[in-house]
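> Here's the letter readout for the chains.
Protein chains: 6
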Amino acid sequence: MLVGAPFDGTTSFLPGTRMAPNRIREASVGLETYSPFLDRSLEEIRLADLGDLELPFGNVSEALEMIEAACRSIVDRGTKLILLGGEHLVTLPAVRACHSGYPDLAVVQFDAHADLRADYMGEHDSHATVMRRIGEVVGSDSIFQLGIRSGTREEFAYGRAFSGIFQEDLATGVRKTRELLGERPVYVTVDIDVVDPGFAPGTGTPEPGGCRPQELFQALWALEGLNIVGFDVVEVNPLVDSGVVTSILAAKIVREAAILMGASDEETRATFGGAETFGR
Amino acid sequence: MLVGAPFDGTTSFLPGTRMAPNRIREASVGLETYSPFLDRSLEEIRLADLGDLELPFGNVSEALEMIEAACRSIVDRGTKLILLGGEHLVTLPAVRACHSGYPDLAVVQFDAHADLRADYMGEHDSHATVMRRIGEVVGSDSIFQLGIRSGTREEFAYGRAFSGIFQEDLATGVRKTRELLGERPVYVTVDIDVVDPGFAPGTGTPEPGGCRPQELFQALWALEGLNIVGFDVVEVNPLVDSGVVTSILAAKIVREAAILMGASDEETRATFGGAETFGR
Amino acid sequence: MLVGAPFDGTTSFLPGTRMAPNRIREASVGLETYSPFLDRSLEEIRLADLGDLELPFGNVSEALEMIEAACRSIVDRGTKLILLGGEHLVTLPAVRACHSGYPDLAVVQFDAHADLRADYMGEHDSHATVMRRIGEVVGSDSIFQLGIRSGTREEFAYGRAFSGIFQEDLATGVRKTRELLGERPVYVTVDIDVVDPGFAPGTGTPEPGGCRPQELFQALWALEGLNIVGFDVVEVNPLVDSGVVTSILAAKIVREAAILMGASDEETRATFGGAETFGR
Amino acid sequence: MLVGAPFDGTTSFLPGTRMAPNRIREASVGLETYSPFLDRSLEEIRLADLGDLELPFGNVSEALEMIEAACRSIVDRGTKLILLGGEHLVTLPAVRACHSGYPDLAVVQFDAHADLRADYMGEHDSHATVMRRIGEVVGSDSIFQLGIRSGTREEFAYGRAFSGIFQEDLATGVRKTRELLGERPVYVTVDIDVVDPGFAPGTGTPEPGGCRPQELFQALWALEGLNIVGFDVVEVNPLVDSGVVTSILAAKIVREAAILMGASDEETRATFGGAETFGR
Amino acid sequence: MLVGAPFDGTTSFLPGTRMAPNRIREASVGLETYSPFLDRSLEEIRLADLGDLELPFGNVSEALEMIEAACRSIVDRGTKLILLGGEHLVTLPAVRACHSGYPDLAVVQFDAHADLRADYMGEHDSHATVMRRIGEVVGSDSIFQLGIRSGTREEFAYGRAFSGIFQEDLATGVRKTRELLGERPVYVTVDIDVVDPGFAPGTGTPEPGGCRPQELFQALWALEGLNIVGFDVVEVNPLVDSGVVTSILAAKIVREAAILMGASDEETRATFGGAETFGR
Amino acid sequence: MLVGAPFDGTTSFLPGTRMAPNRIREASVGLETYSPFLDRSLEEIRLADLGDLELPFGNVSEALEMIEAACRSIVDRGTKLILLGGEHLVTLPAVRACHSGYPDLAVVQFDAHADLRADYMGEHDSHATVMRRIGEVVGSDSIFQLGIRSGTREEFAYGRAFSGIFQEDLATGVRKTRELLGERPVYVTVDIDVVDPGFAPGTGTPEPGGCRPQELFQALWALEGLNIVGFDVVEVNPLVDSGVVTSILAAKIVREAAILMGASDEETRATFGGAETFGR
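As you go down the protein sequences, you meet chains A, B, C, D, E and F in turn. Residues are numbered in our numbering as their position in the first sequence, beginning at 1, plus a constant of 775. Residues are numbered in our numbering as their position in the second sequence, beginning at 1, plus a constant of 775. Residues are numbered in our numbering as their position in the third sequence, beginning at 1, plus a constant of 775. Residues are numbered in our numbering as their position in the fourth sequence, beginning at 1, plus a constant of 775. Residues are numbered in our numbering as their position in the fifth sequence, beginning at 1, plus a constant of 775. Residues are numbered in our numbering as their position in the sixth sequence, beginning at 1, plus a constant of 775.
Be a bit skeptical, because a hint or two may be false.
If you want a taste of the chain A side facing chain E, the calculated C-beta under 8 angstroms gives, among others [to be verified]:
#, residue
1, V804
2, G805
3, Y809
4, P811
5, S816
6, G973
7, F992
8, S1017
9, G1018
10, V1020
11, I1023
12, L1024
Some chain B residues well away from chain D (every beta-carbon gap over 12 angstroms; in silico) [unchecked claim]:
#, residue
13, V804
14, P878
15, E929
Hints are computed from structural coordinates only; laboratory data are not their basis. Predicted model only: the values in this text are computed from it and were never measured. Using N, Cα and C, we set each Cβ at its ideal position, and we do this for glycine too.
One chain only, chain A, in its complex shape:
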């Protein structure tokens, strides 16, 4: 089940990711429902779109609780969770919800930033600390970070200590990650800024030097067969996008992820990018 979490309350540079869920849905109209690589179509799986949560402005903890409650209700139904951010902090309550249903949960993160600070400008919960917090939920050694190219010296030291794949190229990293994951249930979080700002200008803290979209797709396809129980794409900021370039990239990521996840779970109904809601 797909749900939007239009939250950007701790964004540190360019706010606006709250506009992402609507624009990603809008952009999905421009895509086909069929994935040539996976040779499967959104129309062949079932994906329900619950719309966006109504979150309060200026109250981080309450917003996180509402997101967790929504995700937990999805997990409790035994269906797959797809979350549209919002900023990266929305991943924390989503992981908490998935972890409650899958205690052995591992987290795979595609990101430019380590997001491993102990705190950020005095704040405990922030898009810059989110992976540290998530490590406190699932265990630091259950986080697999790919594509990281920005952080403090402390974050890099911390990240390297817990993950041998930190900072490797995506193809190598994802191969090693797969081996380490085995049969564990997995939550995958894609911070759109893992891709270079040239391809994804609509994001809150663009970090030059990232991968190409195709490299990210290949990394995602390489996860096929894993038991992915939760997925999100975060940090898409339509306010600073170039047209719909970043939104449509996110929409395609969601399409591929939904098909990947749906490949092992057929219980949902297709509405995202599907013929019944979109123009194609």
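Since chain A is already given, all that's left is putting chains B, C, D, E and F on it; use the hints.
Showing chains B, C, D, E and F alone in chain A's frame:
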């Protein structure tokens, strides 16, 4: 003294006012320092620019405390305060600071929105409740609201109960306000959305049907002679602006305000829009 | 009942009005549901949003038939019709549908362009001929055109022959129109370019020299008490908008119209701009 | 004859007016060729478009000489000159060219800025000194400045000394100007920033507080019957425009001016906005 | 001979390609006329620019006939055809025109989308069916599709059946294509979306995961020596471009193609990007 | 020491680089101060920011003299120079200043354009002739040009004659350059358009087919250990940027360069991107 408060933590629609102080300063380069109407120049007064405060993200109460402390230190020096928002909630700590120095303080608000809600989506402190909170500081009958064209039925009822000038045209409203204010110290807050979005597209909650820039300038000029001890311009959002149109409007408002206020207080040094920092 | 017709197949300058329905809904989040002038709220009426029609690309006649069928089903239920364009040609099938239910139908048009050509570049049905075609449905003397400031010499001659109010200022024109309309059922079409491009830059054929948003609102309010059975706002083009300025203007026009129309018809359910779908 | 001068070499704030001639021509496609107010069409006059001059970058004096030579060749043919800027300094060589053919030439300027500085940042020829230089050509008392709302104290003093109509509203100013001009040949220069930035955001030094487009059109129409031998529209900057709003305003100004001027001179061929080059 | 076909009547997502021919010409000013790789300059060949066709809006079949007639007149002169779209459907009449002159014509397509549907939303002629229609003209086995990464399952099955190079990387595909083409006359169509949206954001249906501009240039250069009789670049949409990035990419593609084609045909006069019309 | 030179007086296509220094500083807030590759932070070196020079408009030679004087004063203090352009011509006075202090100076240029013309449209000093002029200062064989992909035939012949590395890929070129440079003092100039316009759309003459940001960073890192005494990043144009994508790329280039240069010189104070001026 001028200071920037790049805070947009409770914005409900389009975030980004945190970018305003830098862009307003940048836009000020395109203006003359001389005001033909007031027949006085920024170069003839002294206006120090303290730069921007460094505020935490995701912690509303701490950000407000930091703004209040900064404003209080300016008020305590006995100098005039000019604040660049940020969203409208920054006016609350600024008024608190001025009120501590001027217990008889009145507040004149130019705005499209009443901002008089008791709370907003469960939150006590918000850009939609800020004038209600300010009323709790200076007394509801010490607030003079001009240009209001949006709110809930409750806000309109509340506003009309306390202010006979509510919703009148700016020229009439400002004339009556002046009479009521007498010699009281005054804080003036300009929410840029009092102007029609056609002239000020760069704002967080644009409300069609507002005044022209010239009407606002005339209203400001009509305040000449009042003891204006604090002033702000808020809700400028460069992320959704058309070029620098809204930023330059805000810069001109600040120029006129600084000259108006400086006319009775010569203690500051000119740096905003002045020859020493800008290109003209 | 509200329905979107994302059609821009005969646009002659800047295409993109097909994106309007989604962006107008998105922008409605930034508005209150309460109209201070009408002293009534969207939450107090019932307005159902049927979403957007799925129209074919490159086949004008089929698209028009689909729009007419959708509008006719609404009219046949006896409920009020609110249509979100799309370009101005969508008004033709909507008027046809209303005319089938209300044979005495009159049409009030707010527009910069006369749209009265007999044909346009060889085409019979076009956004430049739409009012001529509508005149063939309801009778040329049942069209009341307000705000017209652009057309060919022939269109101006034609328009003046049939309408004494053509080209007058909105306030005068709407007053005379009301007198002439009496108790007749009315379809109101608002081409957003009646407003000056400064306030509504997001439109397909911007025509400098138009009215202010407030003048348009006053003209709409002056229609209170009429039996408005159909309403549309057309020619909003988000692809060339300045942020959401034009979309939010259209959303406010729809809000005022829905409340105006709903004032005499309470059968619908509020979802546009209402608390259940939008953030405020 | 229409010619473009894509020069912005002395622009002090936002450069880019060199892109204006092409974008004004492009925008003219969105307009009708018929002027309802003047009841005459571009198709009924003859207006040749010579295209754009190829000017060197970084050499002000040579660029000015090339513009003057081009304008002089047009004046020498006895035809009317219409110049598309570029920045305001292009008016200087155009006036020189017209003055050589019409020694009794007067200049009518619509502008936000006085442009009367003796020099600007050490430079003699600049868009901020252009009217001072023009005064040295035609005599300071042959300049009629309308709409001025920005300048230094010295410029305002200088302007008031020579022109009683300085700073009056456009309607009054243009009426007085007409009386003073009598039968003299006239050069009219329109700096697009005379209009408020809300309507003309695409300009190099936007100055809030200007007139509406309709006020400018009325002022231009009030010049009917004068012997206008040269005309320009300058300071349109497409790089910072909102879509094509400012370009289309300039195109409409050119259309009205061409019809106004052509009304007394029928020797040219219509290509600007005319059916043979544009889509309508 | 170069001609523009500003047609976007069947565009399914973001319309606006009609603006492309003018903006591509404008952008060509920013390029050199000399191609370092081909070691030849536009100034050394002769390329006439016929300007843009005036096409009706809302009548697909008539627009296609006009484009075909224009292309046929160029082919009939025995000169090379370069077409600036517009959307991809403009390739159909251009291929028809070339096929009438060269019955053995083969078509090489660079594209993200297969465009092989039998029909699209009920329409026979559409930018989504154009290659299927072209296959009906030249034979399905005379189409060589490169870079395809989007389509329906049916399109992929159809494409693979007729073309072994379908979906291979550009370098491999173009090498095999060359071998298969031999001495046949060739029409080359470049849908700009073959390049990743990061490099070409200005397009109607951006498809993430495409090639880099340099890969496309290398593929084009690898066609040197072929008898290219027609060429187009389509689907450039300036309304959603980031500045002029996509337009300038298209202009460079046209420059390289013109030099490639001109290498075997010297009958035309250089005006596109050449010294006589552009600033450099 | 860092200083801004907001000069764009000879720009030939899209002007606006004068806005770059402020926007690059603004964008630096979005970056960390720590470089993972260099394993060193801006906070560990000392980098003073002198702000922007105030340069005259329309007087190229005077602007160049002012830039040279400012750079010379920095060189004379024995500190490293980092210059923020502005257009590429600002490199000429900077190199002159460095050459006066380091007579054995070599220049390494990353650029899409050779900039080797003898003159450009009659002008001796221009952004298109700047490297030819610099060759006259340091000797043509002391210039090392990398990434060049645009120029006239004459420029390519000239460039190849003096530099064997001309036109090679960055990795190879920078390796050979290092060997040739030995212990010589080096000035490095980065024209942002060496990167493909997809990653750096905000530039004056975008040239499709460039490198990725990561390739440029690798080339810069490969310069570690050289005695870099001067550095600039030029041709960033915020007026045509996609959000802040190009500004943030430039900011990261400056960060890496400052750390590289500071690695051998610790005399400066950190303010660019450092904690004391920016939000992080």
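> So, for every hint listed, does it hold in this structure?
The hints, checked one at a time:
For V804(A), the suggested interface contact is upheld, since its CB lies about 6 angstroms from the closest CB of chain E, less than 8 angstroms. The interface hint given for G805(A) holds, since its Cβ lies 4 angstroms from the closest Cβ of chain E, which is under the 8 angstroms cut-off. Interface restraint check for Y809(A): the shortest CB-CB distance to chain E comes to about 5 angstroms, inside 8 angstroms, so the restraint holds. Annotation: interface hint on P811(A) holds; nearest CB of chain E at approximately 6 angstroms, less than 8 angstroms.
Taking 8 angstroms as the C-beta contact cut-off toward chain E, the hint placing S816(A) at the interface holds, the least distance being around 7 angstroms. At its closest, the beta carbon of G973(A) sits 5 angstroms from a beta carbon of chain E; the interface hint therefore holds under the 8 angstroms criterion. Taken as an interface hint, F992(A) checks out: its beta carbon lies about 6 angstroms from the nearest beta carbon of chain E, inside 8 angstroms. Among the interface hints, the one on S1017(A) holds; its C-beta lies about 4 angstroms from the nearest C-beta in chain E, closer than the 8 angstroms criterion.
Given the 8 angstroms rule on beta carbons, the hint for G1018(A) holds: about 4 angstroms separates it from the nearest Cβ of chain E. For V1020(A), the interface hint holds, since its Cβ comes within 8 angstroms of a Cβ in chain E; the closest pair sits about 5 angstroms apart. Evaluation of the I1023(A) hint against chain E yields a held restraint, the C-beta minimum of about 5 angstroms falling below 8 angstroms. Because the smallest distance between the Cβ of L1024(A) and any Cβ of chain E comes to about 4 angstroms, under 8 angstroms, the interface hint for this residue holds.
Chain D draws V804(B) into its interface by the beta-carbon criterion, the shortest separation being 6 angstroms against a cut-off of 12 angstroms. At roughly 35 angstroms, the least C-beta separation between P878(B) and chain D is larger than 12 angstroms, which holds for a residue marked as non-interface. For E929(B), the condition that its CB be more than 12 angstroms from all CB atoms of chain D holds, with the nearest at approximately 32 angstroms.
In this structure, only the earlier hint numbered 13 is contradicted, and the remaining ones agree with it.
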